[in-house]
Amino acid sequence: MAEAAKSRSEAAPALPTWPDEIYRVLKDAGIRQVAIVPDAGHSRLIRSFEAGPETRVVTLTTEEEGVAMLAGAWLGGERGVLLLQSSGVGNCINMLSLPVICHMPLLMIVTMRGDWGEFNPWQIPMGQGTRPSLEAMGVIVNKVDEPHLVASAVQGAAHLAFNSWKPVAVLIGQRVLGAKNFKELASK
Amino acid sequence: MTNPNALLHRRDVVNELLRDRGDLLVIAGLGAPNWDVSAAGDHPNNFPLWGAMGGASMIGLGLALAQPKRKVIVITGDGEMLMNVGSLASIAVEAPKNLTIAVLDNERFGETGMQKTPTASGVDLAAIATACGIRSSRIVRTMAEVTELRDLAHEGRGTAFAQIKINPEALVFVMPPADGVILTTRFRQSVLGDEALFN
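Protein chains in written order, with UniProt numbering: chain A, 1 to 188; chain B, 1 to 199.
Do not take every clue at face value.
As the list claims (entries may be wrong) - Calculated from the model, a selection of chain A residues having no Cβ within reach of chain B, i.e. all distances over 12 Å:
1) 20
2) 24
3) 117
4) 123
5) 135
6) 140
7) 149
Unchecked claim - Covered stretches of chain A, going by a simulated chain B footprint (3 or more residues, C-beta under 8 Å):
8) 51-59
9) 64-72
10) 75-81
11) 92-106
Stated by the list, open to error - Partner residues aside, some chain B positions facing chain A, computed with beta carbon under 7 Å:
12) 51
13) 55
14) 59
15) 62
16) 63
17) 66
18) 67
19) 89
20) 90
21) 180
22) 184
23) 187
These are calculated hints, taken from the structure and not from any lab test. Keep in mind the model is a prediction, meaning the values are calculated, not measured. Think of the CB as a built atom: it goes at the ideal place given N, C-alpha and C, for glycine as much as any other residue.
In isolation and in its complexed conformation, chain A is listed as follows (with noise of 0.2 Å):
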């Protein structure tokens, strides 16, 4: 049991350093609108952007409202970012076409549900479809599974965005995040 749980603790440290990483790596990229469905994986990005007077954090109540709602924000000259979970893409994928078809910028940041370590069955069939979904619709896809790595797949993302007018996603692994976090969740 002790071994378990070292190995564990390992996989998730207490204090993960990569959602202060991400967030100084948005506010460079000149994010002003935030849009999220709020998740375990964000609650401390979202934290640090709700701080900040420069950014305006809009909750959602559907992931696709997030899509549209960029959109808009391109249009007026504001760059803005989509944090949401794996589920929550399967709530977007029509409104996808609307940045595939405006060759409009999107940054996606999806941490990973029914991936490494799920305990909840229900979250594998989107967890999976995950990237062949957004592929599908034509958004670029980067999935990082260790945290040292996070913040520069941020990085390229958001530069790749605004830069060249596209859809892009970075999928934060489940490895990431921490599964047992999750498993202790649920035994409480």
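Keeping the supplied structure of chain A fixed, place chain B upon it in accordance with the hints.
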């Protein structure tokens, strides 16, 4: 006295909403509202949708937040609005002063054979908007009320929502450019200047 049951004509309504439009920014929902806005005159400050059903109001929100000094009006249909009615909650919380949502409610899915929408059975979009917290929400039945809505939209005194009861008439299509890149680029160039052509 006018007949209280007489329904408004959709292009009269849109022509009035866009009368002396100045630098008003217009998002048109897919289908007939797109053709109505185009019939009132193609304009670089129009962003007419050919797809993205359910997205018109949220495009309006993102645009209104990005351009707080400009006035934004979303002109869409009841079917389009009903598809993403949760956006009214998202918009009410942000409450940009410069955003008006005008729903042309013919109680029909007009593009697909005039099947009835839920508003034909009494679903009250204005009441939903009110319940979400958009205080300036109303059902519009007369041209005098359309004029009042037009003035609200042009003045931008708070987020406004209107469910405008219109005749379910099928009119000739008047189409804007269909290429999303042309629509996006000319809109951004008009609103942001030539800088929009560069990154």
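Quick rundown of the hints versus the structure:
The non-interface label for residue 20/A is consistent with chain B: the shortest C-beta to C-beta separation is roughly 25 Å, beyond 12 Å. With a minimum CB-CB distance of about 21 Å to chain B, residue 24/A clears the 12 Å threshold, and the non-interface call stands. The claim that residue 117/A is not at the interface with chain B holds, since no C-beta of that chain comes within 12 Å of its own (minimum 32 Å). Non-interface status of residue 123/A relative to chain B is upheld: no Cβ of that chain comes within 12 Å, the nearest being about 22 Å off.
Consistency note on residue 135/A: stated as away from chain B, and its beta-carbon is indeed over 12 Å from all of that chain's, at 20 Å minimum. The beta carbon of residue 140/A sits about 17 Å from the closest Cβ of chain B, which is more than 12 Å, so the claim that it is off the interface holds. Residue-level check passed: residue 149/A sits 25 Å from the nearest beta carbon of chain B, beyond 12 Å. For the segment 51-59 of chain A, the stated coverage by chain B is satisfied: 3 residues place a CB nearer than 8 Å to a CB of that chain, which reaches the threshold of 3.
Residues of the segment 64-72 of chain A lying with their CB closer than 8 Å to a CB of chain B number 9, which satisfies the three-residue condition for coverage. For the segment 75-81 of chain A, the proposed coverage by chain B is satisfied: 5 residues have a C-beta within less than 8 Å of a C-beta in that chain, meeting the threshold of three. Proximity of the segment 92-106 of chain A to chain B, defined as three or more residues with a beta carbon under 8 Å from a beta carbon of that chain, is established by the 8 residues found. Look at residue 51/B: its Cβ gets to within about 5 Å of chain A, closer than 7 Å, so that hint holds up.
At a threshold of 7 Å, the smallest CB-CB gap from residue 55/B to chain A is about 3 Å, leaving the interface hint in force. For the restraint placing residue 59/B at the interface with chain A, the shortest Cβ-Cβ distance is roughly 4 Å, inside the 7 Å limit, so the hint holds. For residue 62/B, the shortest C-beta to C-beta distance to chain A is roughly 3 Å, which falls under 7 Å, so the interface hint holds. Given the 7 Å rule on beta carbons, the hint for residue 63/B holds: about 4 Å separates it from the nearest Cβ of chain A.
Interface restraint check: residue 66/B against chain A, minimum CB-CB distance 3 Å, threshold 7 Å, status holds. At its closest, the beta carbon of residue 67/B sits 4 Å from a beta carbon of chain A; the interface hint therefore holds under the 7 Å criterion. Look at residue 89/B: its Cβ gets to within about 5 Å of chain A, closer than 7 Å, so that hint holds up. With a cut of 7 Å, the hint placing residue 90/B at the interface with chain A holds, because the nearest CB-to-CB distance is about 5 Å.
Interface restraint check: residue 180/B against chain A, minimum CB-CB distance 4 Å, threshold 7 Å, status holds. Checking residue 184/B against chain A by beta carbon gives a least distance of about 4 Å; that is within 7 Å, so the hint holds. A cut of 7 Å between beta carbons decides the hint on residue 187/B: the least distance to chain A is about 6 Å, and the hint holds.
In this structure, every one of the numbered hints holds.
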